[in-house]
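Colleague: Sequence:
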Amino acid sequence: MQEKIKNFINKVLESIQMEGVNFSIEHPEDFKNGDYSTNVAMVCSKNLKINPKELAEKIVGEMNKDLPVEISKIDVAGSGFINFHLSREFFSKNIEEILNQAEKVGSNSKLSGKRIMVEYTDPNPFKPFHIGHLMTNTIGESVARILEHSGAKVGRANYQGDVGLHVAKAIWTIKQRGFPAFTYENSSNIKKATYIGECYSFGSSVYETDPKAKEEIDDINQKLYAKGEEREKNKDIYDIYDWGFEITMEAFEDIYRLLGTKFDFYFLESLMAPVGEEIVRANIGKVFEESDGAIVFKAEKYDPKLHTRVFITSKGLPTYETKELGLTEEKFKTDPDMDLSIVVTANEQEDYMRVVAKAISLIHSEHEKKMFHITHGMMRLATGKMSSRKGNVVTGESLLRDTIALVAERVKERDWNTEEKNIVADKVGVAALKYSILKQSIGGDMIYDFEKSISLEGDSGPYLQYSYARANSIIEKAQKENILPDFETIPEEVFEIERMLYVFPEVVDRTRDLYEPHHIASYLIEVARAYNSFYGNTVIVNKEDINSSYKIAITYAFSFVMKKGLQLLGIEVPIKM
RNA sequence: GCCCUUGUAGUUCAAUGGAUAGAACGAGGCUCUUCUAAGGCCUUGAUGUAGGUUCGAUUCCUACCGAGGGCACCA
Numbered sequence: 057m058q059e060k061i062k063n064f065i066n067k068v069l070e071s072i073q074m075e076g077v078n079f080s081i082e083h084p085e086d087f088k089n090g091d092y093s094t095n096v097a098m099v100c101s102k103n104l105k106i107n108p109k110e111l112a113e114k115i116v117g118e119m120n121k122d123l124p125v126e127i128s129k130i131d132v133a134g135s136g137f138i139n140f141h142l143s144r145e146f147f148s149k150n151i152e153e154i155l156n157q158a159e160k161v162g163s164n165s166k167l168s169g170k171r172i173m174v175e176y177t178d179p180n181p182f183k184p185f186h187i188g189h190l191m192t193n194t195i196g197e198s199v200a201r202i203l204e205h206s207g208a209k210v211g212r213a214n215y216q217g218d219v220g221l222h223v224a225k226a227i228w229t230i231k232q233r234g235f236p237a238f239t240y241e242n243s244s245n246i247k248k249a250t251y252i253g254e255c256y257s258f259g260s261s262v263y264e265t266d267p268k269a270k271e272e273i274d275d276i277n278q279k280l281y282a283k284g285e286e287r288e289k290n291k292d293i294y295d296i297y298d299w300g301f302e303i304t305m306e307a308f309e310d311i312y313r314l315l316g317t318k319f320d321f322y323f324l325e326s327l328m329a330p331v332g333e334e335i336v337r338a339n340i341g342k343v344f345e346e347s348d349g350a351i352v353f354k355a356e357k358y359d360p361k362l363h364t365r366v367f368i369t370s371k372g373l374p375t376y377e378t379k380e381l382g383l384t385e386e387k388f389k390t391d392p393d394m395d396l397s398i399v400v401t402a403n404e405q406e407d408y409m410r411v412v413a414k415a416i417s418l419i420h421s422e423h424e425k426k427m428f429h430i431t432h433g434m435m436r437l438a439t440g441k442m443s444s445r446k447g448n449v450v451t452g453e454s455l456l457r458d459t460i461a462l463v464a465e466r467v468k469e470r471d472w473n474t475e476e477k478n479i480v481a482d483k484v485g486v487a488a489l490k491y492s493i494l495k496q497s498i499g500g501d502m503i504y505d506f507e508k509s510i511s512l513e514g515d516s517g518p519y520l521q522y523s524y525a526r527a528n529s530i531i532e533k534a535q536k537e538n539i540l541p542d543f544e545t546i547p548e549e550v551f552e553i554e555r556m557l558y559v560f561p562e563v564v565d566r567t568r569d570l571y572e573p574h575h576i577a578s579y580l581i582e583v584a585r586a587y588n589s590f591y592g593n594t595v596i597v598n599k600e601d602i603n604s605s606y607k608i609a610i611t612y613a614f615s616f617v618m619k620k621g622l623q624l625l626g627i628e629v630p631i632k633m
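Numbered by our numbering, the letters in the first sequence go through residues 57 to 633 in order.
Derived pair list, reagent style SDA-like, types lysine to any residue, alpha-carbon separation capped at 25 Å:
| no. | residue 1 | residue 2 |
| --- | --- | --- |
| 1 | K536 | A525 |
| 2 | K62 | N89 |
| 3 | K121 | G134 |
| 4 | K599 | E552 |
| 5 | K62 | I72 |
| 6 | K426 | D569 |
| 7 | K426 | D395 |
| 8 | K166 | H429 |
| 9 | K599 | I530 |
| 10 | K114 | E82 |
| 11 | K166 | N150 |
| 12 | K495 | P561 |
| 13 | K495 | E562 |
| 14 | K318 | G433 |
| 15 | K414 | T369 |
| 16 | K357 | I340 |
| 17 | K60 | H83 |
| 18 | K166 | G207 |
| 19 | K291 | N245 |
| 20 | K60 | M98 |
| 21 | K270 | A350 |
What follows is a list of derived Cβ distance ranges for each label pair:
| no. | residue 1 | residue 2 | range |
| --- | --- | --- | --- |
| 22 | I72 | I602 | 40 to 46 Å |
| 23 | E113 | P547 | 29 to 35 Å |
| 24 | K149 | M434 | 42 to 48 Å |
| 25 | P392 | K129 | 53 to 59 Å |
| 26 | K477 | S497 | 31 to 37 Å |
Simulated from the structure, these hints should not be mistaken for lab results. C-beta atoms are modelled at their ideal positions from N, C-alpha and C, and glycine is treated no differently.
Sequences and hints are given; from them, build the entire structure.
Modeller: Pasting the structure below:
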């Protein structure tokens with residue numbers, strides 16, 4: 057529709073010899089000012105000494121000669137605003153179109169044929185799944201779904217640090233406390249993983265305070281890199297390693313299932329290191345250079361805003377930067393036809409990723425052009441910084457569990473069986489958490505307040521799900537009374553909800569172009585509000601009402617848009633709640 | 001010191017250079033013998049400071065103040 061109006065204006069401008077003028081079309085905040093509007097003041101100040109209002113009136117006069125059916129009225133307001141009011145016919149046609157599109161509402165083919173890999177979440181085995189992982193996963197999954205909705209073929213990738221000091225710290229503690237398989241054999245993976253996470257935390261703190269423990273941990277770390285028969289010699293360590301690796305990876309899978317993510321590719325850090333190292337060594341002199349015994353990349357030579365980073369330490373060990381290099385190489389090997397490789401991380405990684413990207417541009421410029429880094433802020437506690445010393449660390453897993461428990465409490469009195477209650481509690485709990493992450497722009501930090509953040513009311517995920525569940529219940533009732541959606545009788549009045557629904561595809565476009573899921577979140581809140589208001593002010597299912605069928609059509613349209621919108625945020629809808 | 005992000009109601013967040021800056025929470029009032037009250041309706045309240053660009057700035061530019069992150073052998 058936006059395009060149509062644009063073309064319409066261009067046609068008119070041409071007829072009065074003003075073609076080539078730039079203008080933008082937007083939605084006024086108040087429907088009184090039309091459904092779309094544009095402003096000609098800019099044109100006037102630049103080109104002519106004509107009064108903007110006069111020009112606007114001239115253009116509108118020209119337009120009114122031949123009004124498209126979609127537009128009911130065009131008028132001039134303020135200093136040069138041209139306001140377009142869409143017609144009753146346009147809205148009912150749109151509702152009909154949404155019903156035809158059903159699940160495909162808002163979809164398009166702007167990225168069809170494009171192959172995109174999105175890497176996100178990246179939790180490390182032997183460490184807890186923390187809140188940051190929850191945030192990255194939520195954002196990454198949403199981005200992946202939005203890209204798919206525009207026709208892209210998306211591969212979901214997860215990159216995990218399977219070796220390193222953190223593993224040694226966990227193993228050291230597990231060794232101290234005895235092999236735990238006996239006591240934990242029968243409990244869930246998540247419980248076992250929690251135990252391992254605690255062992256990691258303990259190992260981290262003794263590493264700082266106890267020199268003897270530090271030595272032992274470093275020793276374990278060395279042995280973890282051993283291969284072949286060396287492994288046999290250190291069976292005690294590798295038994296714990298194999299056990300712990302499997303448990304934590306399985307526990308992550310349990311969390312992904314709950315969150316609704318299914319990864320296509322897993323990259324392990326230990327396998328990326330040799331790949332990256334080979335690239336670095338092959339480019340010494342060209343890209344990398346030696347400095348104080350280490351091999352570094354002096355990125356500031358190419359861009360003053362970048363800085364030097366170490367790729368291979370003076371001890372000959374590859375750093376994270378080198379592994380990242382290897383990872384990129386492997387990604388393009390996995391899918392040589394890839395058009396875009398997206399990585400989602402917290403913004404603390406932004407600067408070093410830029411340096412790595414610069415290095416890649418000198419080695420594989422064609423790869424670097426296809427790389428895109430999405431960064432998001434950190435989750436912070438309202439009560440101060442999270443720290444393991446203070447014991448106020450909230451893991452992503454515990455946060456999820458607590459939120460679901462909160463919802464379960466609320467669902468208790470519902471007259472459903474236990475399984476239904478559990479399904480709803482899971483979906484609503486996940487929605488509360490995901491929505492609280494996605495409702496704000498991803499760039500800034502997010503303040504997490506234990507009490508308030510997981511709201512089930514107001515501007516929240518559950519509010520959206522609730523609106524959907526109500527609409528669904530209306531639809532069921534209508535089916536029972538045999539009132540089907542149709543467009544034969546259409547009320548004169550245009551409901552506010554109709555003025556919201558047709559905008560959905562524009563919101564999807566904008567969200568995809570900017571990689572900013574919060575636009576969908578804000579939009580859905582407005583749509584839900586409009587529908588709830590509609591619901592409160594009219595009786596929808598009513599055999600006496602000749603407009604009932606159309607109101608049910610609106611309800612269907614709303615439910616399709618809400619379901620799809622929430623899906624794009626990675627949130628599932630319960631049919632009742 | 002340099003680089004990135006950020007500053008909007010009491011609080012947590014919105015607002016593709018446009019019209020009267022939107023919500024939610026909180027506070028107060030009303031609303032279930034009509035379809036789910038996790039709802040609806042009403043009241044209350046904000047652009048860090050100083051300049052600049054513009055017909056028009058929360059948005060762009062400069063400086064200052066405040067917050068978060070990053071800046072060589074951790075990831």
